[in-house]
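Asker: Residue numbers (the working numbering), protein chains in the order written: chain A, 4 to 148; chain B, 4 to 148; chain C, 4 to 148; chain D, 4 to 148; chain E, 4 to 148; chain F, 4 to 148.
By construction, these hints were calculated from the structure, which means they are not laboratory data. Quick caveat: nothing in here was measured; it's all calculated off a predicted structure. Be aware that one or more of the hints could be misleading.
Identical copies carry no separate label here, and so any pair may be met within one copy or between two of them.
[Said to hold, decoys possible] Below 30 Å or equal to it, Euclidean Cα-Cα: the simulated DSSO-like pairs (lysine-lysine) are:
1. LYS26 with LYS48
2. LYS31 with LYS48
3. LYS38 with LYS65
4. LYS134 with LYS35
6 protein chains.
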Amino acid sequence: MGSLGKTAIMYALSDGELEESIKADAEKNGYKMIKGKVGSMSTEKIFAAVETAAQREGLIRKDYYRDTHALYHAILDAFIGICRGQLGLGNMLRTVGLIFTVVRGPRNAGEHEDGEWLAVVLYGTIGAPIKGYEHETIGLGLNHL
Amino acid sequence: MGSLGKTAIMYALSDGELEESIKADAEKNGYKMIKGKVGSMSTEKIFAAVETAAQREGLIRKDYYRDTHALYHAILDAFIGICRGQLGLGNMLRTVGLIFTVVRGPRNAGEHEDGEWLAVVLYGTIGAPIKGYEHETIGLGLNHL
Amino acid sequence: MGSLGKTAIMYALSDGELEESIKADAEKNGYKMIKGKVGSMSTEKIFAAVETAAQREGLIRKDYYRDTHALYHAILDAFIGICRGQLGLGNMLRTVGLIFTVVRGPRNAGEHEDGEWLAVVLYGTIGAPIKGYEHETIGLGLNHL
Amino acid sequence: MGSLGKTAIMYALSDGELEESIKADAEKNGYKMIKGKVGSMSTEKIFAAVETAAQREGLIRKDYYRDTHALYHAILDAFIGICRGQLGLGNMLRTVGLIFTVVRGPRNAGEHEDGEWLAVVLYGTIGAPIKGYEHETIGLGLNHL
Amino acid sequence: MGSLGKTAIMYALSDGELEESIKADAEKNGYKMIKGKVGSMSTEKIFAAVETAAQREGLIRKDYYRDTHALYHAILDAFIGICRGQLGLGNMLRTVGLIFTVVRGPRNAGEHEDGEWLAVVLYGTIGAPIKGYEHETIGLGLNHL
Amino acid sequence: MGSLGKTAIMYALSDGELEESIKADAEKNGYKMIKGKVGSMSTEKIFAAVETAAQREGLIRKDYYRDTHALYHAILDAFIGICRGQLGLGNMLRTVGLIFTVVRGPRNAGEHEDGEWLAVVLYGTIGAPIKGYEHETIGLGLNHL
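If we strip away everything but chain A, and leave its shape as in the complex, we get:
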């Protein structure tokens, strides 16, 4: 058991002990993972927050464009799930408050012959720039590294 996407989703949705246990189990299976927070009306800040964290924590190599390329498209795919149809935040008068996770490893725990993949999850709320005028949203992007 233990797949890349599910691990990234569960890690994003959990906290406290459950979060720690998901992380510990996944790391035993060879997954590397990070978690962060970003809230913004600017699409580029969402991209930048995830990219910066993934590079800083060593999930992708900074010196190889191909790693950045793989991550960029995983973030974009996740962001499309967040926006559901029309890409945009502040320009469409809406804002997001998101938790993000990035997980690196095999598509399924233990299957190493297909190489390493990246999963990006964005999870949180999207809505009007008024407290409480928002609902939940999630996006998942996967890419081969």
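Position chains B, C, D, E and F against the provided structure of chain A, taking the given hints into account.
Answerer: Showing chains B, C, D, E and F alone in chain A's frame:
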């Protein structure tokens, strides 16, 4: 604790005892929920499977178009997350194997003043029509009922 | 008074005496116009119905690809308004019942220096393939001829 | 006679006595309606102008997110019709000058069993930021309230 | 030999003697053509650079909106090819360095009965705002004039 | 000199001696490349033709999903350039006649430290299903392998 979208996601990703405990907790909080499976290369079969199940199990009223309208757009939003950018399955030479959940209730457990909402989650794999040539994907759609 | 798009919309939405008076006024201003009906779950049938009618009634020249090209993109733009975000009908489990109008003439009545333009209006209902489970929708496409 | 979408379109396209008579007829049928103007190269200003007017005039309740949610998606659907394919104004070097109407009531006059719906119409011109370098455009969004 | 789109692509991809020979051959066939460069994170600057050059060099008439309209949609179509799915540059944390060409003439050299068309090619690199973190991209838009 | 995308475009647009010389030069630089033809009103046939040819000629490994995944997204990106905005062929009453090339190698000839990439070019005509009622179109997709 307990929000509509998270409940629908966790219910989709769990099985066995965890699934039952998520359902029992959610139902105590006034949520109604269903879970099903659909695999297809036809987009319309995904829509039909979720609509039919939600009507049959009484999550929406069959005789009111407004309920069907709310559900339709929640399914569409979830399906956009699955497709990430370009709507299509078999016509784009790809197929999906999905678990779906539909949950009905308040946006946040206990907050009844904003009325009832629907959450639709589609979770599973998308890929080539060859076993194992696929990766995970998720979509969440929320709408007011 | 009298602009190309408004003429096409008003002609699509009217019937009886009002329809006749809109047509008579517009024709005095040098506009050519047709009106038809098409209902389908197939996107290509909507395109074909409008193209065929416009060619048959002489609104565009059959022997010049440029005229067909201009009309095609006007239909597509109108159809995007009908679909609002994701192009598709039966493949998305929805159907349309539409009135269409095509109007040819100057962008504004009396202004001939900018040449001839085409307006396509699609107006009717979109919804589930169940009688009454539908709501109104409109699309307008304009192009230079 | 008298449907929600058609009422919103006719109200947007008319002025003077015709406008007043459309409004008077619609209000007799239980429709509430507003009309305004907005011109901008900023997408968010279009959204804000319609939202603010609809809240101020009492077409939606300010204190319920579900009403704001319904309105938001009706505006977005109308705006997609305006943009025909790619959402954007100034960022794509184009601008709009629009009349907007918002109408609240049953989908069809006299049919109250399906509850209240919202229609948003945006109608005007789209084009280059040069006077006269523009053509007409319309969008209609409907949503259940 | 000699078609409008191919001429615009070859002219964009060549330099030195080859570029001059492509231009000379095309001009003999009645094509008018320009070439320029633009790099930016702002979508509107790409549109503006191509529009300005085409007007200044006389490929389209400045005083007729229909020419501007034809060019605008050719640029937009080319730009969609550059962006592949989601329109945006800096707002999506990416930048482009592009060569553009605009060619005016018949769809195929020597076929004058179908009138004049415009081809716009954008060719260059798209990627992160870091030198070398980019890959090639091309877009072609054609429209009848 | 010699970049991946330009090689794939030039190879698609050339024939006879020029085609052979482009291929010979590119192969000296370590590029692998194939060229084929496909005409269809079915989107899936375009995808299938390119995938099958690339696997058969050994440009990607058949037994590794990651290679198929990389190729799929390169084809999809190229196909978006062909369709310019709305994915679809026969369902939108249009057809394509395309030459395709797939090239594998470094992003720039001689730069091996960033690994291998794939470029897919689709080039040909798109239009009505009537001979000659069509214009040129091109799409380029690049992905890391």
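Asker: Determine for every hint whether it applies to the structure shown.
Answerer: Results for each hint:
1. LYS26 with LYS48: within (26 Å within a copy, 36 Å between copies)
2. LYS31 with LYS48: Neither, since 32 Å and 39 Å both go past 30 Å.
3. LYS38 with LYS65: Classified as within: same-chain Cα gap 18 Å, cross-chain 35 Å, threshold 30 Å.
4. LYS134 with LYS35: Result: close only across copies, 26 Å inter versus 34 Å intra.
When held up to the earlier numbered hints, the structure conflicts with hint 2 and nothing else.
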